[in-house]
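There are 2 protein chains.
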Amino acid sequence: MDGYRAPLDDIRFTLEHVVPLSTLSALPQFVHADGDTLAALLEEAGRFAEEVVAPTNRDGDGEGARIEHGGVVTPASFHSAYERYVASGWGAMQHPEEHGGGGFPLLAATAVKELITSANMAFSLNPLLTTGAVHLLTHHGSEEQKARYLPRMVTGEWAGTMNLTEPQAGSDVGAVTARAEPIGDGRYRITGQKIYITYGDHDLSEQIVHLVLARLPDAPPGTKGISLFIVPKFLVEDDGSLGARNDVQVVSLEHKLGIHASPTCVMAFGESEGGAIGELVGDPHDGMRQMFTMMNDARLGIGLQGLAIAERAAQHAEAYARDRLQGRAPGAAPGAQSPIIDHPDVRRMLLESRATIDAMRALCYENARAIDLALHAPDEDARRHGQRIADLLTPLSKSWCTDLGVELTSTALQVFGGMGYVEETGVAQHLRDARIAPIYEGTNGIQAIDLVMRKLPSDAGATVLSLLDDLVPDDLPSELADLADPLARARDAARTATEALLSRGDRPLDVLAGASPYLRLLSTVLATGLVVRGLVAAHAAAVDSALPGLGPDVLAARTLRARVLVTRVLPIVHGLAPVVTAGADDLYALTPDAAGV
Amino acid sequence: MDGYRAPLDDIRFTLEHVVPLSTLSALPQFVHADGDTLAALLEEAGRFAEEVVAPTNRDGDGEGARIEHGGVVTPASFHSAYERYVASGWGAMQHPEEHGGGGFPLLAATAVKELITSANMAFSLNPLLTTGAVHLLTHHGSEEQKARYLPRMVTGEWAGTMNLTEPQAGSDVGAVTARAEPIGDGRYRITGQKIYITYGDHDLSEQIVHLVLARLPDAPPGTKGISLFIVPKFLVEDDGSLGARNDVQVVSLEHKLGIHASPTCVMAFGESEGGAIGELVGDPHDGMRQMFTMMNDARLGIGLQGLAIAERAAQHAEAYARDRLQGRAPGAAPGAQSPIIDHPDVRRMLLESRATIDAMRALCYENARAIDLALHAPDEDARRHGQRIADLLTPLSKSWCTDLGVELTSTALQVFGGMGYVEETGVAQHLRDARIAPIYEGTNGIQAIDLVMRKLPSDAGATVLSLLDDLVPDDLPSELADLADPLARARDAARTATEALLSRGDRPLDVLAGASPYLRLLSTVLATGLVVRGLVAAHAAAVDSALPGLGPDVLAARTLRARVLVTRVLPIVHGLAPVVTAGADDLYALTPDAAGV
Numbered sequence: 001m002d003g004y005r006a007p008l009d010d011i012r013f014t015l016e017h018v019v020p021l022s023t024l025s026a027l028p029q030f031v032h033a034d035g036d037t038l039a040a041l042l043e044e045a046g047r048f049a050e051e052v053v054a055p056t057n058r059d060g061d062g063e064g065a066r067i068e069h070g071g072v073v074t075p076a077s078f079h080s081a082y083e084r085y086v087a088s089g090w091g092a093m094q095h096p097e098e099h100g101g102g103g104f105p106l107l108a109a110t111a112v113k114e115l116i117t118s119a120n121m122a123f124s125l126n127p128l129l130t131t132g133a134v135h136l137l138t139h140h141g142s143e144e145q146k147a148r149y150l151p152r153m154v155t156g157e158w159a160g161t162m163n164l165t166e167p168q169a170g171s172d173v174g175a176v177t178a179r180a181e182p183i184g185d186g187r188y189r190i191t192g193q194k195i196y197i198t199y200g201d202h203d204l205s206e207q208i209v210h211l212v213l214a215r216l217p218d219a220p221p222g223t224k225g226i227s228l229f230i231v232p233k234f235l236v237e238d239d240g241s242l243g244a245r246n247d248v249q250v251v252s253l254e255h256k257l258g259i260h261a262s263p264t265c266v267m268a269f270g271e272s273e274g275g276a277i278g279e280l281v282g283d284p285h286d287g288m289r290q291m292f293t294m295m296n297d298a299r300l301g302i303g304l305q306g307l308a309i310a311e312r313a314a315q316h317a318e319a320y321a322r323d324r325l326q327g328r329a330p331g332a333a334p335g336a337q338s339p340i341i342d343h344p345d346v347r348r349m350l351l352e353s354r355a356t357i358d359a360m361r362a363l364c365y366e367n368a369r370a371i372d373l374a375l376h377a378p379d380e381d382a383r384r385h386g387q388r389i390a391d392l393l394t395p396l397s398k399s400w401c402t403d404l405g406v407e408l409t410s411t412a413l414q415v416f417g418g419m420g421y422v423e424e425t426g427v428a429q430h431l432r433d434a435r436i437a438p439i440y441e442g443t444n445g446i447q448a449i450d451l452v453m454r455k456l457p458s459d460a461g462a463t464v465l466s467l468l469d470d471l472v473p474d475d476l477p478s479e480l481a482d483l484a485d486p487l488a489r490a491r492d493a494a495r496t497a498t499e500a501l502l503s504r505g506d507r508p509l510d511v512l513a514g515a516s517p518y519l520r521l522l523s524t525v526l527a528t529g530l531v532v533r534g535l536v537a538a539h540a541a542a543v544d545s546a547l548p549g550l551g552p553d554v555l556a557a558r559t560l561r562a563r564v565l566v567t568r569v570l571p572i573v574h575g576l577a578p579v580v581t582a583g584a585d586d587l588y589a590l591t592p593d594a595a596g597v
Numbered sequence: 001m002d003g004y005r006a007p008l009d010d011i012r013f014t015l016e017h018v019v020p021l022s023t024l025s026a027l028p029q030f031v032h033a034d035g036d037t038l039a040a041l042l043e044e045a046g047r048f049a050e051e052v053v054a055p056t057n058r059d060g061d062g063e064g065a066r067i068e069h070g071g072v073v074t075p076a077s078f079h080s081a082y083e084r085y086v087a088s089g090w091g092a093m094q095h096p097e098e099h100g101g102g103g104f105p106l107l108a109a110t111a112v113k114e115l116i117t118s119a120n121m122a123f124s125l126n127p128l129l130t131t132g133a134v135h136l137l138t139h140h141g142s143e144e145q146k147a148r149y150l151p152r153m154v155t156g157e158w159a160g161t162m163n164l165t166e167p168q169a170g171s172d173v174g175a176v177t178a179r180a181e182p183i184g185d186g187r188y189r190i191t192g193q194k195i196y197i198t199y200g201d202h203d204l205s206e207q208i209v210h211l212v213l214a215r216l217p218d219a220p221p222g223t224k225g226i227s228l229f230i231v232p233k234f235l236v237e238d239d240g241s242l243g244a245r246n247d248v249q250v251v252s253l254e255h256k257l258g259i260h261a262s263p264t265c266v267m268a269f270g271e272s273e274g275g276a277i278g279e280l281v282g283d284p285h286d287g288m289r290q291m292f293t294m295m296n297d298a299r300l301g302i303g304l305q306g307l308a309i310a311e312r313a314a315q316h317a318e319a320y321a322r323d324r325l326q327g328r329a330p331g332a333a334p335g336a337q338s339p340i341i342d343h344p345d346v347r348r349m350l351l352e353s354r355a356t357i358d359a360m361r362a363l364c365y366e367n368a369r370a371i372d373l374a375l376h377a378p379d380e381d382a383r384r385h386g387q388r389i390a391d392l393l394t395p396l397s398k399s400w401c402t403d404l405g406v407e408l409t410s411t412a413l414q415v416f417g418g419m420g421y422v423e424e425t426g427v428a429q430h431l432r433d434a435r436i437a438p439i440y441e442g443t444n445g446i447q448a449i450d451l452v453m454r455k456l457p458s459d460a461g462a463t464v465l466s467l468l469d470d471l472v473p474d475d476l477p478s479e480l481a482d483l484a485d486p487l488a489r490a491r492d493a494a495r496t497a498t499e500a501l502l503s504r505g506d507r508p509l510d511v512l513a514g515a516s517p518y519l520r521l522l523s524t525v526l527a528t529g530l531v532v533r534g535l536v537a538a539h540a541a542a543v544d545s546a547l548p549g550l551g552p553d554v555l556a557a558r559t560l561r562a563r564v565l566v567t568r569v570l571p572i573v574h575g576l577a578p579v580v581t582a583g584a585d586d587l588y589a590l591t592p593d594a595a596g597v
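Protein sequences appear in the order of chains Y and W. Heads up: the first sequence is residues 1 to 597, going by the numbering used here. Heads up: the second sequence is residues 1 to 597, going by the numbering used here.
For the record, the hints were derived by calculation from the structure and aren't laboratory data. Mixed in with the good hints, there may be bad ones.
Footprint (simulated), chain W over chain Y, 3 or more residues, beta carbon under 8 Å [what the hints assert, rightly or not]:
#1 80–88
#2 149–162
#3 251–259
#4 265–278
#5 496–505
#6 581–587
Predicted model only: the values in this text are computed from it and were never measured. Ideal placement from N, C-alpha and C gives every residue a C-beta, glycine not left out.
Excised from the complex, chain Y in its bound form (with noise of 0.2 Å):
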C-alpha cells in the first residue's frame, strides 16, 4: 500500500493540454524533445522512481544520515540508488548538450524531477542541490570552470551544495559573515561556519563541489558585499583526478522532523588549515546577482516538492482508503462493511486533494514552460513574457504548492485514522517530510514579500490582470458551462483584491499585512484557471479523436475533478479577499507587549 505509482495519465494530460509541451518542441533546439520521446523517457523514469527510488524512502526515514569518522553516511539502500540515478542519466536531462546534459526543456525535467521526488523526497534533494550548483556554473563560470566541474556535476558523478545560511544570516543573506582571502595565486581561502547545508557532507560521490558565499576583504556591507566561491572538497588535478583534501568539514547534523536521510550540515571552512582552498565565480561582490539567477529554478524546485509529497500521501490514502472496512456508507447493504472510500467526508478529502493536485501540477509545470520561453523564445517579446511570467508564477509554486503539501499530507494522514498517527504506515513521514518545503529556499512569508512588493508592482500590476482578463475560457464546452460563474466571481475577486495592493503602493504594510492571503488568492484563482483551460483545449481535441494514448476515461476523470476544483477548492478565495484588504492598522495598533501576544 506505501508503493508509490507513477501518475503518468496525469503528468501527460498535463504536458498534453495544460501546459502543452508542443508549445517548447517546436522551438529548433527542442526538436528532440517532442511528445513520443517524452512519453518514453516518462515510461522508463516513471519505472525507475517506482522500482529504484521509492522502496528507498522508508528505509531512509528510519536509518538517518549519521555522521561517522568525520564524515555523512547515508541510508545504506540510496548508494546503489544514487549508482543508478547516475548511470541513467536523469539528472543530465535538462543541461546543455555542451556539457553532456540531455538538452531537455525544464518542463520535461519538471516531470522527472516530480517523479523521483514523489519517490523519495529526501533522496531527491541531493540532485536538486546539484542541479542548482550546475546551473550557476553554467552561467556564470570561467570555461576553465566548467570544462572543470560541469561533465561530472552534471551526470551526479559528483555532486553539489549552495552555503548560503549563517545563523545570523537565515532570510537575511546580506547579513553573511563568511571570509575568503585571495592566496596570490587567483585562489583564496575561505573562513567561517555554515549552517542548514543540505547534503553538505555524504558518501554518494566521490567528490562534492561546494558553492560558498563568503566576503572579501575590501567587500562593502550587505548584500553588494558577497561574493560566489567553488570549494571542492577534494581538490582538483589539472588532469581532472582528485587531490588533497579540502579543509572543509561537516560539524554536526540538524535533528530533523523530517527528511531524515537528508544530512542537514553545519559546515566549518578553514578550520582545520586556515583555510579553504576557493575559486572565485564571476566577478567579485557578484554572490547575490548570480544566486537570483537561478532562484526561479530553485524556488519551482521546492515548490515542486509541495506536489510530489501530496502526490505521494494521496496515493498512500486513496489506497488504504480503498482497503479499510468501516462502518456502513449511505446506501450500501444492511450489514455490510463499507471500504471508507465510500464514505462522503472521505471521499470529499480524497476528491478535493485529487483535484488541487492537478491544480498544483498545472501551476508547477507551467511555472517551467514560461523559464523555458524566457530562456528559449525565439522572439525578444516573448522571451520578456516568459520571464514576466516565470518571475510571477515562482513565489506562487514555492509557497502555494508547499503550504498544500503540509495540508495534503496532514489529509491523507486524517484519512488513516489512528494508523494515520502511527509511523510505520509511512503517511505521517509524509507530512513531516512535507513541513520542510515551506521553509526552505526563503520561507513562504519571503515569497510572499516577493509577490506584493516586487512581483506585482513591476509593471503595475500589468501581467496579472492581464492573465485574470483571460481566466474564464470563452469556449467552455457544454458539460462545463455551469463553471463559467463561479469561475468569474472568483476571478473578480482576485481582481479587486490585486486593484487593492496597487492602489496602496504608498501604504507598503497595508500590503505587507495582506501579503500571504493574496499569494494563497492568486495562486488558488490562476492555478484554477489553468485547469480549466487545459480541460477546454482537450474537450476540443476530443472531438476529432480520442485523447492521444489518453483515452475517454482520462478526459472524464479530468472532467469531474475539475468541477470538484470550481465548486470546492477555489471558493476558497472569497474567505481570503477580505483579507487581503483589511490592512496593517490593527495590527500595529498596539505593540506585542499591550496585545499580549
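Dock chain W against the given chain Y, drawing on the hints supplied.
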C-alpha cells in the same frame, strides 16, 4: 524560551466576561466556587503547570515511554510530577464531593486542565483518561463499585483507562468482539485484544482500573450488544488492599508521530490465564449508552488539547519572534536588524493566532459551562437548554479546536523558520503532539457527521438558528461599532448554510458532503460571537469600574484581538459557505477508479 507561562489574564478575562463563571457560582452547590476562590486556585494551578509539569515536556518527548520486563516505563521526570499532581488534588477538582472530589464546576476544572495540558499534553492524557473512567463509574457504577474504586481514582492515586478500540473496530465501535464469560460468582472472564489504549499500562500509579467494552455470550450484534466491565490491573481485596495480578497485559507500544511520552498500548485480556477477572458495570448490553454519557466531557477534553497546545506553541513563537533579529522592518532605522515580530507577515501570524486562541478558549469554556448547566441548573428548562447547547457545541469544540491546534502549531513552527524544523527547538514537538487530536475520541469527520445528522436536525435547527439570531449584540460599544457589519455578514452566511442543510434532510449524501466545511463555518461564527459578546460585557463593566484584577491593558488587548478575529479570521466563512452547499453529486458522479482517486 521554551518555558510555559500560564495565561492567567486571558483565562480570567474569559471566566469574568466571556463565559461568566458567576452564572454557575450562583448555584447552591457551587457557592464555594466564587471568583476569588477560583482566582487563587488558578494562580496555584498556573504555578504548578509552569514549574512542575512544563519542565517535563521536552525530556518526556525525547525519552518516550517504553516496555521493560512486561510493563510500561514512563519518562523519569514524570514520576515526581505525577506524585505532586496526586498530592495537590488537581485531579479531584471536578468530581463530586461525596467521592472525595472538590465539587467544582466543570468550567473551573476546564481552566485547570488547560494549564496542565499546555504544560505537557502527553502527561495530561493520564489524568484525562482517569477522569473519564471516574465519570463513568460515578454515573453507572454500583454503590459497592463506587466505594471500592472512586476515592482513589478521584485523586489519581489509581489511574483509569478506556478500552474500546479493536483492530476491526475503530470509528465503528459496534464491531467490538472482545468477550465476557460469567464465572458464576457475579464476575466475568474477559478475553480479547484492544488497541490504541492510552496509558494502558504505566508505572505512575500502583493500580490501573481498566474500563473495557466486551460482549456477553448472549449479546445481540452491533452496538446493542456491548457491555462495560471494570478490569483492575490488580484485584482489589475486600479491605481495599491490592491482591493478585489480573490477566491483563500490555503487548506492545505504538511508535507514534508525537505524544511519545504517552504510552499507546496494545492490551491483551485473558491471554495467560484464560480471562481477566472483570465486574459488569450497570446492566448487560448497556455499554454504549454508558459511554455516551461521558462523550461530551471526553470530546470537550480533546478539543481543549487543541486549545492548550496552540497556546503553548503561540507563546513559544511569540518569544522567539521577539528575540530573533533578522532584516529591517518597515520604519526601522537604516542598518538596524529588527526583531522579526516587527515584520508585518510575522506580526500577522502571531496576532491571528492569538485572536483565534481567544475564540477557541471561549468555545471550549462555553461548552463546559453548558455541561455544568445541563447537570446543575435549578430548573428543568434551563437544564434541557444547557444539554442542547452542550450537545451542539461538543462536536465543534472537538473538531474545530483540534484542527486549529494543528494549524496554529504549524504556524508557530513557521515563525521559527529553519529553527522550527530542528527538533531541539521544541516547537516541532507541538505540531507532532497536536496531530493526534483530530483523530482520537471520534475523528473530526465523525464529529461533523454527528453535527449535521444528529445535533442540527434534532430540533430542526432551532438551537443553531437562535444562537445565530443573537450573534450580533445590539449594544456594541462605539469602539467596536464597525464590527457589526462583518459580523452580520458572517451570521447571514451561517444562517443560509444552516437552512440549506436543513432543507436537504431527505438527501443525506448532500448533507454529509457539506458536513466538515459546515462544522468549521459554524464553529468560527459561534466562537467569534462568544468573544464579541464577552467584550461587550467587559466594556460595560469597565464603564463602572476597572476590570477587577485585570485593568485596562487587558481590555485594550482583548479589544484589539477581537478586531483581528472579526476582520482577519472570521471571513473564512465566506470561503466555506459555497462548499457547504455544493452537494454530493460530483463526489459520486464517478467511481473512485474512474475518477482516478
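Taking the hints in turn, this is what the structure says about them:
1. Only when three residues or more bring their CB closer than 8 Å to a CB of chain W does the claim for the segment 80–88 of chain Y stand; here the count is 0, and the claim is violated.
2. Coverage of a stretch by a chain is defined here by at least three residues with a beta carbon nearer than 8 Å to that chain's beta carbons; for the segment 149–162 of chain Y and chain W the count is 0, and the condition is violated.
3. Interface restraint, the segment 251–259 of chain Y with chain W: holds (5 residues with C-beta to C-beta distance below 8 Å; minimum three).
4. With 0 residues having a beta carbon nearer than 8 Å to a beta carbon of chain W, the segment 265–278 of chain Y misses the requirement of three or more and the stated coverage is violated.
5. Only when three residues or more bring their CB closer than 8 Å to a CB of chain W does the claim for the segment 496–505 of chain Y stand; here the count is 0, and the claim is violated.
6. Counting residues of the segment 581–587 of chain Y whose CB lies closer than 8 Å to any CB of chain W gives 4, which reaches the minimum of 3, so the coverage claim holds.
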